[in-house]
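**Q** Listed below, chain by chain, are the residues.
2 protein chains.
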Amino acid sequence: MSAGLEQLAERARSAAQTIATAPSGARDEALLAAADLLETRTGPLLAANAADLERASGEGLGTAALDRLRLDAGRIAAMAAGLRAVAALLDPVGEVVGGWSRPNGLRVERIRVPLGVVGVIYENRPNVTSDAAALCLKSGNVAFLRGSASALRSNVAIVVALRDGLSKAGLPQDGVLLVEDTGHDTALEFMRLRGTIDCLVPRGGRELIERMIEHATVPYVLDGDGNCHLYVDRSADLDMARDIVVNAKTQRPGVCNAAESLLVHRDVAAEFLPIAARALEGVELRGDAATRAILPGILEATEEDYATEFLALTLSVAVVEDLDAAIAHIRRFGSGHSEAIVTRDLASADRFVREVDAAAVVVNASTRFVDGSELGLGAEVGISTQKLHARGPMGLRELTCVKWVVRGEGQIRQ
Amino acid sequence: MSAGLEQLAERARSAAQTIATAPSGARDEALLAAADLLETRTGPLLAANAADLERASGEGLGTAALDRLRLDAGRIAAMAAGLRAVAALLDPVGEVVGGWSRPNGLRVERIRVPLGVVGVIYENRPNVTSDAAALCLKSGNVAFLRGSASALRSNVAIVVALRDGLSKAGLPQDGVLLVEDTGHDTALEFMRLRGTIDCLVPRGGRELIERMIEHATVPYVLDGDGNCHLYVDRSADLDMARDIVVNAKTQRPGVCNAAESLLVHRDVAAEFLPIAARALEGVELRGDAATRAILPGILEATEEDYATEFLALTLSVAVVEDLDAAIAHIRRFGSGHSEAIVTRDLASADRFVREVDAAAVVVNASTRFVDGSELGLGAEVGISTQKLHARGPMGLRELTCVKWVVRGEGQIRQ
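Chain order of the listed sequences is A and B.
For the first sequence, my numbering begins at 9 and goes up steadily by one.
For the second sequence, my numbering begins at 9 and goes up steadily by one.
Some hints could be false.
[As the list claims (entries may be wrong)] Facing chain A, a subset of chain B residues (Cβ under 10 Å, in silico): (1) Lys176; (2) Ala366; (3) Val370; (4) Ser374; (5) Val410.
[Said to hold, decoys possible] Computed spacing ranges between beta-carbons, pair by pair: (6) A:Ser10 / B:Glu222: 36 to 42 Å; (7) B:Asp189 / A:Arg83: 54 to 60 Å; (8) B:Asp75 / A:Val263: 55 to 61 Å; (9) B:Ala85 / A:Ser381: 54 to 60 Å; (10) A:Ser381 / B:Ala11: 45 to 51 Å; (11) B:Arg274 / A:Val263: 35 to 41 Å; (12) B:Asp330 / A:Ala93: 50 to 56 Å; (13) A:Asp193 / B:Arg92: 51 to 57 Å; (14) B:Glu222 / A:Gln422: 36 to 42 Å; (15) A:Asp193 / B:Gly418: 50 to 56 Å; (16) B:Gly418 / A:Val263: 32 to 38 Å; (17) B:Asn112 / A:Gln15: 48 to 54 Å; (18) A:Gln422 / B:Asp330: 43 to 49 Å; (19) A:Ala336 / B:Ala11: 21 to 27 Å.
These are computed hints drawn from the structure, not numbers from a lab.
A virtual CB, placed ideally from N, CA and C, is assigned to each residue, including glycine.
Just chain A, with the same shape it has in the complex (with noise of 0.2 Å):
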C-alpha cells in the first residue's frame, strides 16, 4: 500500500476513538463552525473552484460534468445550509434500541453506536464532500473521503473548513480526512483498507459498483440502479394514475427513484394508455405488441428496454393480463429499488405489498418519494439497493451499529 494512504488510515482510526465518544454538542459545534467558515471563505473556495473548472474544462470534461463541478456562493451558502440541518438533526448515538432482564437477573441492553470510520468515494460533485462529512460527523463517525481528481482543489478547501470547524469545537481534525492521491491504484487500496474502514459507501457509477463487488474487502453499502415500475391495476382510479405517472417519469427523470416503466392491466389499457400518452407528451414511449395496438405510433420495447434504467424521458411500457404478470415482470427487470401500483382494490394492494421483493413499495403515490428527506429521514446517505445492514432510504441511523450492554451483579454461567 502506498506509504501516504496507509498513514491517513493511521491516524483515521486514531481519531475515532475520540470522534466516536465525543459529545453530540461538540459535533454540532464543529458543523456548525465550518458552515460559517465555508461561507466566510467564499472568495477562496471559488478560486480553487475556478482552478478546478480550468485544469478539468482543458481535460475535456462534458458540460453536464462541469455543471456538477461548479460551485457559486449559491451553491456555497447551500453547503453551510446543509450543514446546519444535519447539526440540527436527532443524534442517533446513544439511542437505547432495546432492553430487557433475564430470568438470572442481567439487564441487557443494545445501544446504537458509530461505525467508527466511515468511507465514502464519490466522483465531481464537491458538495458531496461537504453533506458526506456531516453524516458521519453526526453520526460519530471519521469521515474518510475519496473524491475525484477534478475536483480535488475544491475538496482540499472544503475539507480544510471542516477540520478548522474540527479545532473550533475542540475536536481532532483527523475526524474529516481527504484522499488528495486520486490515482486509479489508491482508489483500489482504499476499498481494501479492512480494519481502517469499518463500512465504504460508494457513490458512483455502475463501474464503481463493479469495482467494489469484485475487489472491496471492507463492509460497504450499495445505492445500486433504480429501474423502477409503476402498476395500474384493474381497479386503478385513471386519473390519479395519470397524475401519478407524469409525475414519476417526468418530474426529475435523472434520478434513481422515477420511474423507467409503465404496466398496465389489459382490462383498462385501451381507456388509460391514450390518456397517459397525451399526458406524457415530450416522453419516448417503447411498447410491446399489444401497447403498439392502442398507440400506434410508439417504437416496439426490447426485452433490454424493460432492463433499462433510462435517467431520460423515456419509458417502456408494457400491457400485462393481471396482478400476477405484473408482479412476474417486476421480479424479473426490477432491481430492488422503488415499486408503485395504483389501486382501488385492497386485495390488490396487499398482495402488491407482500410480494414485490424492493426496497420500497408503493401504494397509490408516485415513486418519487422514497427519498430520505421526503419519507422523514432528515438527510440520507443515499438509497441502498442490497438487503443486508440497510436497505431503502439511508439516514443518519444506518450510519451506526449496535453494541450490547450486560450489566450483572457477579453472574457466572451453569
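We have chain A already, so just place chain B on it with the hints.
**A** Below, chain B alone, put in the same frame as chain A:
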C-alpha cells in the same frame, strides 16, 4: 460455473418467492414434521452417519473431528428438539419495525421481511444442517447449505427429512437445498452466487473467513474470533472477580466467548493475582513482568500471546496502570467480540461501556453470557464480530431485512 450449482441456484431463487410469503403456520408445520421424520428415521440416519464415519476414519480424520461428525440417538433427538424449539419462537416476518405519517398524508411503514436465500457454509457437524435450515425457514428464507465432504451422507439424510417436512406442509421442497458437490472450487463459486444468495453465513475457521473476505461477492455476515478480556478494576469485589474469571476461562474454554486474557489494575494485583492463580488451577498462565513478579512460576507472555484466542486452558495476564491502560490494551489486542470489567465504581463501569469498541461489553458478569440463548434471542445463527447488519449474537431477526411500505391517496411530488 458448474451446471449443477447453477441449477441449484435457480431452484433456490424460485423457491424463495413461495417460502418468503408462506404463512408462518406452514413454515412451523414443516419444521415440526421434519422433527418427527428425523426421529422416525433414526435407523437410516445412523447408517448414513456410520458410512461417513467409516470413510472419514479411513482418511485419517482426527478424534475430535470424528466426534463432531458422530451422530447417535441422543444427538438425533436433540436435532429434532432444536427444530421444535425454533418452530416455537416468535415469527420475525411481518414485524412492523416503525411507522409514521408525513405532512402530505403519506403513511410510511417499515416491515420486517425475509432476506430471500440464505447460504451457509459449514464444517463437519451434521446438526448444523438442521439448525441452520430451521433458522432460515423460520425467518422465511430458503436455506442453501454447503457442508463438508466428510459429513455428506449424514447431511443428505437430514436434508431429505427437512424437504419431506416441507412437502407435508404444502411448501416447496427446495426451501432447503444442499450442495452435494463438496469440491473446493464449488465453495468458491458458491460464495460468488451474487443475485442468488442474499446473505452468506460462513461457519468455519480463519481460512474460510479469509477466503470469504478475498473472494466472496455475495453479502455476508462474519462470525469472527473472540479474543475476549476480563479487566479487574481497582475497586473490584475480588471474590466476584475470581468467580467470574474462573467461569469465563474454564466453563467451556473452546468457545468464542471464553476469556483469553486477564487484565488486573496494579493496585489490586498483589492481592488478586495469587487468589486468581489458585482458583485457576489447571490453567496455564502467561504473564508480563509485573505479573511474574507476583506469580514468579508462570511463563512469560509474548505480544503474540496477547493477540491469541487460545480456545484452551491458557490465559494471558497483564497488570495495567489504570482503566485507560486496560482500555488501550483491549483496543490493541481485542477482536471486537466480548469484553468484561469487574468493578464497584460507577464511573469506571460507564467509561468501560462507552469506550470499549466491541460487539458486547459486560459489567460484573461472565463473558460466557454473550450468546443468543443466554441473552434471550431463543436461537442464534452465530455471533457477528462485524459491524454492518448484525453485531454480536444473531437471532432470527438478523436473517431478515426491512421493506419500506408507502401508502397514499394519489400524492405526487412537488
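**Q** Confirm or reject each hint.
**A** The hints, checked one at a time:
{"no.": "1", "hint": "Lys176", "result": "24 Å, violated"}
{"no.": "2", "hint": "Ala366", "result": "7 Å, holds"}
{"no.": "3", "hint": "Val370", "result": "5 Å, holds"}
{"no.": "4", "hint": "Ser374", "result": "5 Å, holds"}
{"no.": "5", "hint": "Val410", "result": "6 Å, holds"}
{"no.": "6", "hint": "A:Ser10 / B:Glu222: 36 to 42 Å", "result": "20 Å, violated"}
{"no.": "7", "hint": "B:Asp189 / A:Arg83: 54 to 60 Å", "result": "57 Å, holds"}
{"no.": "8", "hint": "B:Asp75 / A:Val263: 55 to 61 Å", "result": "58 Å, holds"}
{"no.": "9", "hint": "B:Ala85 / A:Ser381: 54 to 60 Å", "result": "55 Å, holds"}
{"no.": "10", "hint": "A:Ser381 / B:Ala11: 45 to 51 Å", "result": "48 Å, holds"}
{"no.": "11", "hint": "B:Arg274 / A:Val263: 35 to 41 Å", "result": "60 Å, violated"}
{"no.": "12", "hint": "B:Asp330 / A:Ala93: 50 to 56 Å", "result": "41 Å, violated"}
{"no.": "13", "hint": "A:Asp193 / B:Arg92: 51 to 57 Å", "result": "55 Å, holds"}
{"no.": "14", "hint": "B:Glu222 / A:Gln422: 36 to 42 Å", "result": "41 Å, holds"}
{"no.": "15", "hint": "A:Asp193 / B:Gly418: 50 to 56 Å", "result": "51 Å, holds"}
{"no.": "16", "hint": "B:Gly418 / A:Val263: 32 to 38 Å", "result": "21 Å, violated"}
{"no.": "17", "hint": "B:Asn112 / A:Gln15: 48 to 54 Å", "result": "49 Å, holds"}
{"no.": "18", "hint": "A:Gln422 / B:Asp330: 43 to 49 Å", "result": "33 Å, violated"}
{"no.": "19", "hint": "A:Ala336 / B:Ala11: 21 to 27 Å", "result": "25 Å, holds"}
Comparing the model with each numbered hint stated earlier shows that hints 1, 6, 11, 12, 16 and 18 do not hold.
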